[in-house]
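Line by line, the protein sequences give chains A and B.
Number 80 in our numbering belongs to position 80 of the first sequence; there are no gaps in the numbering.
Number 247 in our numbering belongs to position 247 of the second sequence; there are no gaps in the numbering.
In short, the hints are calculated from the structure, not lab data.
Check before you lean on any hint, since a few could be wrong.
[Claimed, not checked] Dumping the calculated DSSO-like pairs for lysine-lysine here, alpha-carbon to alpha-carbon at most 30 angstroms:
#1 33(A) to 65(A)
#2 110(A) to 204(B)
#3 191(A) to 16(A)
#4 182(A) to 33(A)
#5 110(A) to 184(A)
#6 184(A) to 33(A)
#7 65(A) to 8(A)
#8 326(A) to 176(A)
#9 191(A) to 176(A)
#10 16(A) to 93(B)
#11 93(B) to 176(A)
#12 93(B) to 75(A)
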Amino acid sequence: MAQIDLNKLAHSYLSKPTSESDFALQEMNLSWKDGHAYALLGPSGCGKTTLLNIISGLVTPSHGKVLFDGNDVTKQLPQERNIAQVFQFPVIYDTMTVYNNLAFPLRNRKHPEAEIRERVHEIAEMLELEDVLNRRAANLSADAKQKISLGRGLVRSDVAAVLFDEPLTVIDPHLKVMLRRKLKQIHARFKLTMIYVTHDQLEALTFADQVVVMDQGQILQIGSPQDLFENPQHTFVGHFIGSPGMNFTPCEIQNGTVHIDDRHIQIGPGYENLSGHFELGIRPEFLTLHNENIQGSHQVTIQGTEDLGNCTIVTVLLGKHSLKVKMPEDQEVPADIGFLEFPPQWIRIYADGKLINAISTENRNRELAQ
Amino acid sequence: MNKWEDNKAWFLVIPVFLIVAVSAIIPLMTVVNYSIQDIFGPDNRIFVGIEWYQEALSDHRLHAAFQRQLLFSGLVLLIEIPLGILIALTMPKRGWGASLSLVLVALPLLIPWNVIGTIWIIFMRPDIGLLGSAINGLGIPFDHTAASLDAWVTVMLMEVWHWTPLVVLMAYAGLQAIPEAYFQAARIDGASAWSVFRYIQLPKMRGVLTIAILLRFMDSFLIYAEPFVLTGGGPGNSTTFLSIYLVKQAVGQFDLGPASAFSIIYFLIVLLACWIFYQALLKVGTGDKQ
Chain A
1 MAQIDLNKLA HSYLSKPTSE SDFALQEMNL SWKDGHAYAL LGPSGCGKTT
51 LLNIISGLVT PSHGKVLFDG NDVTKQLPQE RNIAQVFQFP VIYDTMTVYN
101 NLAFPLRNRK HPEAEIRERV HEIAEMLELE DVLNRRAANL SADAKQKISL
151 GRGLVRSDVA AVLFDEPLTV IDPHLKVMLR RKLKQIHARF KLTMIYVTHD
201 QLEALTFADQ VVVMDQGQIL QIGSPQDLFE NPQHTFVGHF IGSPGMNFTP
251 CEIQNGTVHI DDRHIQIGPG YENLSGHFEL GIRPEFLTLH NENIQGSHQV
301 TIQGTEDLGN CTIVTVLLGK HSLKVKMPED QEVPADIGFL EFPPQWIRIY
351 ADGKLINAIS TENRNRELAQ
Chain B
1 MNKWEDNKAW FLVIPVFLIV AVSAIIPLMT VVNYSIQDIF GPDNRIFVGI
51 EWYQEALSDH RLHAAFQRQL LFSGLVLLIE IPLGILIALT MPKRGWGASL
101 SLVLVALPLL IPWNVIGTIW IIFMRPDIGL LGSAINGLGI PFDHTAASLD
151 AWVTVMLMEV WHWTPLVVLM AYAGLQAIPE AYFQAARIDG ASAWSVFRYI
201 QLPKMRGVLT IAILLRFMDS FLIYAEPFVL TGGGPGNSTT FLSIYLVKQA
251 VGQFDLGPAS AFSIIYFLIV LLACWIFYQA LLKVGTGDKQ
């Protein structure tokens, strides 16, 4: 196990990249700490698989360095690095038994047979593959095959990290939950560094203690699931995490006073020195919709409701801006006209897609004063 | 309602049935008909029963031709399948190199069979042939029209040159169909090049190799045109394979009855051999016992 550092890492598949759009990965500095479970979350084509393949050595980055515990491994081949990777589609060695499949990575590295036996049985027990250990891998179901692939990734106890590239895509939904829980258990038991690539936010948020959100080759935010939910550093993160995503509405700020069109919205302290055009972001979960006009609420038109069984998603129109409100199932949805309340503590202000922190404004004031 | 008689589906089946009948069944039955008669002329024939079959089965020249044929087909499979796989493995996987090597490899397949015989006659001539005179120039006497071994070497070389490309193309297609993730996983697992071949490439090529083995066995077992042009079955009878012997008998001596009986036996041998190959290859590597 090791800490993995990415030092000024960038990658382009072109031989002579000229503009920023030629890069599959924009320059980044990043540390993956020993023993943590990370999720790498982003839409398809955002560069997360490229990043994973660079860490495992399947792709050599065009710029920058990859360090394992401070040692430069950028030019090393995957077999020279101590790393395991599990792929999206099950990769199994058809002609081998399940046991030999699991033992394969250890045998290639000349581990003693006794140790191999112990380790294979341990992994097989965890993944519930014991019954089929002596069967040929080729004749098993897709689920079982992917379990074998996972097993091959986990069987080596000395790896720097285990990388997962959307490993549960081909698995039945009910088994998905089970396997994800297994992976968490394995992580807790062996304290492996795990990096898990996915485009499914639920998978990322339930698996990892740190989630790395990527878009268009850039890392937008690294944080705990709660952090990503409550303080998205970027409007993309707000959109991407949560279902439905965060509401973003253009607003005017004049010395800390916020207006959406001509409606005054109350926000928390720390924005006093802010003036100009911004975006106001708030989670649908934190908006409240009332039947009657209470203090500080704004009249909205109800456009539609979606009943999800455990909650209701209401689309409302504030002036010409559309917002989503997530309401508890037991609360009654107003018929045509409702009154929307913006709790000030959950309002976030964004400029050019980036979060403006209330505290950082104070810092800026201090800087300006100096 | 009687499904057998009052079924309009018959009208849909009849055209196919007629085509198959005209193209395969009727000619085959004609041969069966010939094989049980002694034919002297169009209106002069005698029923002889299984006499021709008995004669064919006890014909020692036919036995010799059969042994020669088995040796030939065996050598063809032993050389062409591994060589084809080896060449396919070394070919570039993508880019212009892949297209170029495919075209180069496929060239021998595009040449008419009798022309191939002619090319090799000239190529192997001891006096003016490029290879023939080169070998003689090295001090090794070589003449495929005079020495049996030389004739065999020449026929084998020609056969390998002509038909290995087919195995290459099929093996190459099989290799290209393997998803990249298998090779990536093998690199992560620390597999050696031999392990990658043994546990990924070879098992994944099983389907195409089954077809390649069947095709090469059948074609080589039925080989006629190239050795006929190159050696005419000689020197002596040393390269007289089954079909050359058959044609000598049927066309050369006009012994239609014995030749027909021989044809039927020949057909059954090929059918049986293919069935055995197919059954065996279906089982290999699938983990089924038997």
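Hints numbered earlier in the text: which of these fail when held up against the supplied structure? 3, 11
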